[in-house]
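Taking the hints into account, I'd like the entire structure generated from these sequences.
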Amino acid sequence: KQEVTQIPAALSVPEGENLVLNCSFTDSAIYNLQWFRQDPGKGLTSLLLIQSSQREQTSGRLNASLDKSSGRSTLYIAASQPGDSATYLCARLLTGANNLFFGTGTRLTVIP
Amino acid sequence: GAGVSQTPSNKVTEKGKYVELRCDPISGHTALYWYRQSLGQGPEFLIYFQGTGAADDSGLPNDRFFAVRPEGSVSTLKIQRTERGDSAVYLCASSSSGGATDTQYFGPGTRLTVL
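Taken in order, these protein sequences are the chains called A and B. For the first sequence, counting from 1, position 76 maps to 76 in the working numbering; every step adds exactly one. For the second sequence, counting from 1, position 19 maps to 19 in the working numbering; every step adds exactly one.
Hints listed in this document are in silico derivations from the structure and should not be mistaken for laboratory results. It cannot be assumed that every hint is accurate.
No farther apart than 30 angstroms at their CA atoms in a straight line, the calculated lysine-lysine pairs in the BS3-like style are these [claimed, not checked]:
(1) LYS68(A) with LYS17(B)
(2) LYS17(B) with LYS42(A)
(3) LYS78(B) with LYS11(B)
(4) LYS17(B) with LYS78(B)
(5) LYS42(A) with LYS78(B)
(6) LYS78(B) with LYS15(B)
(7) LYS68(A) with LYS11(B)
Source: prediction; values computed, not measured.
Put into structure tokens, the structure is as follows:
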């Protein structure tokens, strides 16, 4: 069964802390792994996309890694800010597929 | 337009009614996707269009759901004989060509509530 799991479901951290969000998937035939941010009542914003041949991608304070052999990806957020509060979703694209398969998300709250 | 837009933003209907949800993709994007997001869950794929044709409709839950994209731009998701279980946020996304490396840009969604 194809599954994408995100743990924890919710996370609260004080402002300035570095944090890691986890994503695990059962199907190793992924083409890419993507991280999205979703704010309440809004659509998804793409943060980072890691191709299966890559191990990590960085954008500003965000760094995403991918380990296909273990079926895991992490999103590292440095020096968290209250504006980072949102739900973070990972999604995988299988080789030969067109649609994204999403995890259930981690709801992050950064406390000022 | 600047981004993907969806109308209406909210739709409340009664069980058994017919509804239409509209998606305006980013201008020039040939690929369009519909997803459904239930409370506390991640989005689930419904259907993918490449141009005017439905290239993959494997995510449509049953024959009450249908989507069209007659001119290769705007798409309409149609739900017949709505049921309470259809209540969810319906998200639309578009990408430039549907390639695996293309970023999918999402709209704000339509929140459907079936009473």
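We went through each hint and held it up to the structure:
With a C-alpha separation of about 45 angstroms, the suggested pair LYS68(A) and LYS17(B) falls outside the 30 angstroms cut-off, and the hint is violated. Distance hint between LYS17(B) and LYS42(A) is fulfilled; the C-alpha atoms sit about 26 angstroms from each other, no more than 30 angstroms. As the CA atoms of LYS78(B) and LYS11(B) are separated by approximately 13 angstroms, the hinted pair is consistent with the 30 angstroms bound. Only pairs whose Cα atoms come within 30 angstroms are accepted, and LYS17(B) paired with LYS78(B) is accepted, the gap being roughly 11 angstroms.
For a cut-off of 30 angstroms, the pair hint linking LYS42(A) to LYS78(B) stands: about 22 angstroms separates their Cα positions. Taken as a hint, the LYS78(B) and LYS15(B) pair is honoured in the structure, with Cα atoms around 14 angstroms apart against an allowance of 30 angstroms. Note on LYS68(A) and LYS11(B): the hinted pairing is violated, with a Cα-Cα distance of about 41 angstroms set against a maximum of 30 angstroms.
In summary, the structure is inconsistent with hints 1 and 7 from the numbered list given earlier, while agreeing with the others.
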